[in-house]
Amino acid sequence: MLMIEQTLNGVQLGVMLFLMASGLTLVFGIMNFINLAHGSLYMAGAFTAAWIQGVSGSFLLAIPAAILVTAALGAALEVGLFRRFYARNHLDKVLVTFGIVLVANEATRMIFGPVPLRMPLPPILAGSIEILPGLPYPTFRLVVLAVGLSVAALLWAIVMKTRIGMWVRAGSSNRPIASAMGIDVDLVFAALFAVGSALAGLAGLMAGPILAVQVGMGEPILILALVVTVIGGIGSIKGAFLAALMVGLVDTFGRVLLPPALGSMVIFLLMALILAFRPKGLFPVHG
Amino acid sequence: MIHLFRVLSFATCFTALAGTASAQEEPIRIGFITTLSGPAGSIGQELADGFKLGLAKTGETLGGRKVAVHYADDQAKPDIGRQHADKMVESDKVDILTGVNFSNVLLAIAKPVLDAGVLYVSANAGPSQLAGKQCHPNFFAASFQNDTTSEAIGIHMQEKQIKDVYVLAPNYPAGKDMVAGFKRYYKGNVVGEVYTTFNQLDYSAEIAQIRAAKPSAVFFFYPGGMGINFVKQYDQAGLKQQIPLYTGAFVVDQSVLPAMGDAAIGVRTATLWSEEFPNAASREFAASFEKAYGRIPSPYAADAYDMVLMLDAAIRANGGKVDDKATLRRALEKADFASIRGNFRFNTNHFPVQDYYLTTVDKDAKGRLYNKLGERIVEGLKDSYAATCTMAP
Chain A
1 MLMIEQTLNG VQLGVMLFLM ASGLTLVFGI MNFINLAHGS LYMAGAFTAA
51 WIQGVSGSFL LAIPAAILVT AALGAALEVG LFRRFYARNH LDKVLVTFGI
101 VLVANEATRM IFGPVPLRMP LPPILAGSIE ILPGLPYPTF RLVVLAVGLS
151 VAALLWAIVM KTRIGMWVRA GSSNRPIASA MGIDVDLVFA ALFAVGSALA
201 GLAGLMAGPI LAVQVGMGEP ILILALVVTV IGGIGSIKGA FLAALMVGLV
251 DTFGRVLLPP ALGSMVIFLL MALILAFRPK GLFPVHG
Chain B
1 MIHLFRVLSF ATCFTALAGT ASAQEEPIRI GFITTLSGPA GSIGQELADG
51 FKLGLAKTGE TLGGRKVAVH YADDQAKPDI GRQHADKMVE SDKVDILTGV
101 NFSNVLLAIA KPVLDAGVLY VSANAGPSQL AGKQCHPNFF AASFQNDTTS
151 EAIGIHMQEK QIKDVYVLAP NYPAGKDMVA GFKRYYKGNV VGEVYTTFNQ
201 LDYSAEIAQI RAAKPSAVFF FYPGGMGINF VKQYDQAGLK QQIPLYTGAF
251 VVDQSVLPAM GDAAIGVRTA TLWSEEFPNA ASREFAASFE KAYGRIPSPY
301 AADAYDMVLM LDAAIRANGG KVDDKATLRR ALEKADFASI RGNFRFNTNH
351 FPVQDYYLTT VDKDAKGRLY NKLGERIVEG LKDSYAATCT MAP
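Chains as they are written, first to last, in this note's numbering: chain A, 1 to 287; chain B, 1 to 393.
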């Protein structure tokens, strides 16, 4: 029974990480742009949701608000700032996005103050459901699981089965040729960045009721999301999904079964091991 | 050349004379180093707010003399704290330094500051090193010794004969100290002792283990955001009704309660100060804090405010002088002031001997969460390091 619960916990954590990593891997893989500010967009999603919920009292209203606000923020960042950095080297990209992280944290503190925000669940989601006799599981975590799996399916369908997905894949495989074939790469990239940001916002929204909505909340999860992205192969949605599940399960069981120092290292050991044999991750996009 | 030299020496003599003439009017210089940015920034803000409120009460004076305060942000980093401390001691020439909230930052700055003859009066961090072997005549903890906050809840759980306790803390020095402090007085059965990664986000795996272990209570030490994560998830897992949560001071206070929400109701804490303390000084503080900042104060702010009252009384007793550190130390050691904590005195190691009370999270008349004051757990709790302190005169 405990093993079933822990497996579920691992999968649930994995799905949460996937929500975060999917946006990161899209932007990282396809635009070749390391966006450390992805964690700040996650924070923006959580704060927007908590704030809207606090003002309106409605969790339902907080959902579109968080997604739209982060998508708009992402698009604004891409058009206003990041676009100028595509031709620059990786270090410049890392530095500019890291700068955004610092600015975003202090700006959030100025707007919302230093005390973490409250984000209660609506009563219908606050309790737990008995999924097996004698095994209650928090309802909201089941919702996170469902949302994460739907997002995974939807992203896979869009990227693999639609024309937009084809453009994205084309841009990812060979940018100059895709551009020469008449794809408006600027527009595709801005839209892609907005979608990636909205995914971070969605992750922040889903994390809000479980985790502390506070300044700096984006950084710890960004590190885990980067691990997932690297293990899965940069740019691969399928890779991110499988890697996220793997990291979630390994982390959960590592914490339960191993001594604490080793338990906290185990996902990084997993990453090192996978990179040793598959330097480009499990499912590399760029052959 | 000679002329210039003469002018310069005249000028030097003149300023030196002016210096002695105005010594009494010169403000007392105080350095306040604390964490004002990053995830722990709310702690430093709370300390600074309590400190400023204390100075507002005394009319920006200590013992009748004006004060000039230099504030600095240590960013929770020992090296940054050290840089600020060096600057304040060497170029700002502060008389008294205070404010640090992280023990590792305090340990990095303590030695040079104290050896330079500056008084350090802690409004928060109280590491065991400075209470024991590294105790120093110029160091005073107006706050607490770190271990005592969890020792007190251990005493309570021992008294209540709680049989099986599951223990959780982050895997870092303070986490281990808190568990050690807890186990110093709790002699029952510890059915699980778990150290999680510092700043861990998800606790579902640990919570599942607790559910399976079926303890009678859980003792946890998760300060700041970790506490918010843990308490919310524990409540969502439906365990709060079955297995009660206990913790030491500073974990479930006003810096996190609004974010925890109803999930925190019922959490029991051992604390050195509660917003419901009935003494007049405490009531005045709680009311003026709420008026000034629009929120209920936490024990962080209370300790910082109390420290101002203590300094004010000691410097007044010393005739407004802060240059003679030996007499000022003696005045401080007496701790002759109306503490908002009620009973307060210093032990031989310059750490407090004070009472601890039980509080339980509840809702007040306005629907806000607060720590409802319960019984006194222990009277005059001393830390367990004083015996190893041999204070050089």
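Mixed in with the good hints, there may be bad ones.
To be verified - With beta-carbon atoms standing in for the labels, derived distance ranges:
#, chain 1, residue 1, chain 2, residue 2, range
1, B, Gly294, A, Leu102, 25 to 31 Å
2, B, Lys366, A, Met1, 40 to 46 Å
3, B, Lys372, A, Leu275, 34 to 40 Å
4, A, Leu275, B, Asp86, 40 to 46 Å
5, A, Ser56, B, Gly117, 54 to 60 Å
6, B, Glu26, A, Leu258, 37 to 43 Å
7, B, Lys366, A, Leu125, 22 to 28 Å
8, B, Glu193, A, Gly127, 28 to 34 Å
9, B, Ala180, A, Met1, 29 to 35 Å
10, B, Lys372, A, Val103, 36 to 42 Å
11, B, Arg283, A, Leu102, 38 to 44 Å
No lab work stands behind these hints: they were computed from the structure. For each residue, glycine too, the CB sits at the ideal point set by N, CA and C.
Taking the hints in turn, this is what the structure says about them:
1. Under the hint 25 to 31 Å, the C-beta atoms of glycine 294/B and leucine 102/A, about 28 Å apart, fit the expected range.
2. Separated by about 43 Å at the C-beta atoms, lysine 366/B and methionine 1/A satisfy the suggested range of 40 to 46 Å.
3. A C-beta distance of roughly 53 Å is found between lysine 372/B and leucine 275/A, which places it outside the suggested range of 34 to 40 Å.
4. Evaluation of the 40 to 46 Å hint for leucine 275/A and aspartate 86/B yields a pass: the beta carbon distance comes to about 43 Å.
5. The hinted range of 54 to 60 Å is satisfied by serine 56/A and glycine 117/B, whose Cβ atoms lie roughly 58 Å apart.
6. Hint check: glutamate 26/B to leucine 258/A, Cβ distance near 60 Å, so the stated range 37 to 43 Å is violated.
7. The hinted range of 22 to 28 Å is satisfied by lysine 366/B and leucine 125/A, whose Cβ atoms lie roughly 26 Å apart.
8. Glutamate 193/B and glycine 127/A have their C-beta atoms about 30 Å apart, which keeps the hinted 28 to 34 Å range intact.
9. The supplied range of 29 to 35 Å is met by alanine 180/B and methionine 1/A, whose beta-carbon atoms lie about 33 Å from each other.
10. At roughly 41 Å, the beta-carbon separation of lysine 372/B and valine 103/A lies within the given 36 to 42 Å, and the hint holds.
11. Judged by the Cβ atoms, the range 38 to 44 Å given for arginine 283/B and leucine 102/A holds: they are separated by roughly 41 Å.
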